[in-house]
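Start from the sequences, fold in the hints, and give me the full structure.
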Amino acid sequence: MRNLACKVAGIPFNNPIIMASGTFGFGREFAKLYDINILGGISSKGLTLHPRRGNTGTRMVETAGGMLNSVGLENPGIDAFLQEEMKFWETIEPVKIVNLGGSNIEEYVQGALKITQDADERHKNKKKAVDMVELNISCPNVKEGGIAFGIKTAVAREVIREVRQVTSLPLAVKLSPQAEDIVEMAVMCEEEGAESISLVNTFSGMKIDIHDRKSMFNNMYAGLSGPCIKPIALRMVHQVAKAVSVPVIGMGGISNASDIIEFIMAGAEVVQVGTYNFMNLRAGEELLAGLQSFMELENIQSLDEIRGII
Amino acid sequence: MHTIVSNERISEGIYLMTVEGQFQARMGQFFMLRAWDREPILSRPISIFNVEENAIQFLYKVAGEGTRMFARLRAQDQIQLEGPFGNGFPEVTGKTALVGGGIGVAPLLYTAKQLKDKPDIYLGFRGQSYLTEMYEPYANELNVTVNGNLLEDLDLAKYDQVFVCGPLGMMKAVALKGEGLDTDIYVSFEKRMACGIGACYVCSVMNKEKNKKVCSDGPVFHAQEVEWHAELSL
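Respectively, the protein sequence lines represent chains C and S.
Going letter by letter, the first sequence gives residues 1 to 310 in full-length UniProt numbering.
Going letter by letter, the second sequence gives residues 1 to 234 in full-length UniProt numbering.
Some hints here could point you the wrong way.
Said to hold, decoys possible - In the BS3-like style, the derived pairs of lysine-lysine whose C-alpha atoms are separated by at most 30 Å in a straight line are: (1) K191(S) to K230(C); (2) K210(S) to K207(C); (3) K208(S) to K32(C); (4) K87(C) to K208(S).
Hint data in this document are derived by calculation from the structure and do not stem from the laboratory.
Quantities reported herein were computed from a predicted structural model and do not represent experimental measurements.
What follows is the structure, encoded as structure tokens:
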């Protein structure tokens, strides 16, 4: 067994595999299929201060090499998460990341505050708590907020600054590939005190029903994910990793262990796996075994040997 | 991975796949089927048609790329099955009607076999009926309608419960017809799914109080739970 340990914002990960927000729920369902304690981390389903019922109409269409989704941040809200899902999270080992969305700055701030207070309380009682907040300024599927904060650096700066003030939890900011200048955006996040940058969220895409002569999605556009986005995501991770000194959480289309190695060579500290969870419900097991065998084959002792070498 | 015993064309675009193995499942549940590596991206949710001692059967309609690939499979080919998933039909006693339209007849055979009291079965088809003889031994009364309206012959009030699977319009018609009756009506939904286990929120339907996931809260719902008039996200 090779050492796959990684570290983001001082938090140790057993390995670089984090399950990406929106593809893993809160982990309960996958825990019935395999031991999810082998994972490095889990990023929660995107949470907002208030519960959201999500978008109406078709929510998902397959594409060549990927899928478009328009779920629209359906989630139980932060209170329900803290009351219900944290009971399960208290029992699991992977690093626990809350993906936090919002329709306006106040919602982000109030959400971050609740999560932080809950974590403080749990720490006092020596209970497992949320380890990190991943600020989602990049969801393409909601009308207000989400990606609206992720396009222009100046707008995003305001959100991050406000959230930074109310949370002592390590903060990662999840960037959209639609950002006007993704490197400038990442540098700004670091300046505002984010401990990590995660990228990329889905690409805004479209599918037309040619018989109905309208978009397949009530929201017109939807978020593209899956293997088809990997080359672009990898390039963006490479650019950002070169420009910032905080650790980068790389993602976009990872569907085998070689893809993970590519992201790490491009400079990612750890990675997230999303759509591949749907292609293989036991993705975590397969990817971890694949990472081990690659390292043995190439005689790599630690991922530090290959991180950012490109 | 499991081995395919046979995969026969039953009717226009309708196939019956038999897969080797011992399976335990409740009526109305489904499996996620996958017979390819990377493309298409997603597995396909297919309801259980029949379970035998050493085999499981899926009756499916070719509707897109995935089912087209299923239709090309031959005996001895391999297929991956994850499941069974979902909450199926409730275990009930008393007078039950099973109502299936088109490929919606698929989950009703195993359901009929599992029910303690033999149900009346209503099967509706367009063009051509298929495999109705398989339902006969498990039916108290079997009604087959081709190119007609099977709901005309259906007196909902006669039954303690009615299980329906078919086109949304048909299920809605039964649900509305049953409003105000003492008969419990259960409908089985089909929705696009990514994970099939309740993690991705792709297959949500909006019911009166909150969203439900077709894969893990369903695919079977009590008709009263469903927001038929709003048709939100159905």
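Hints not upheld, ascending by number: none
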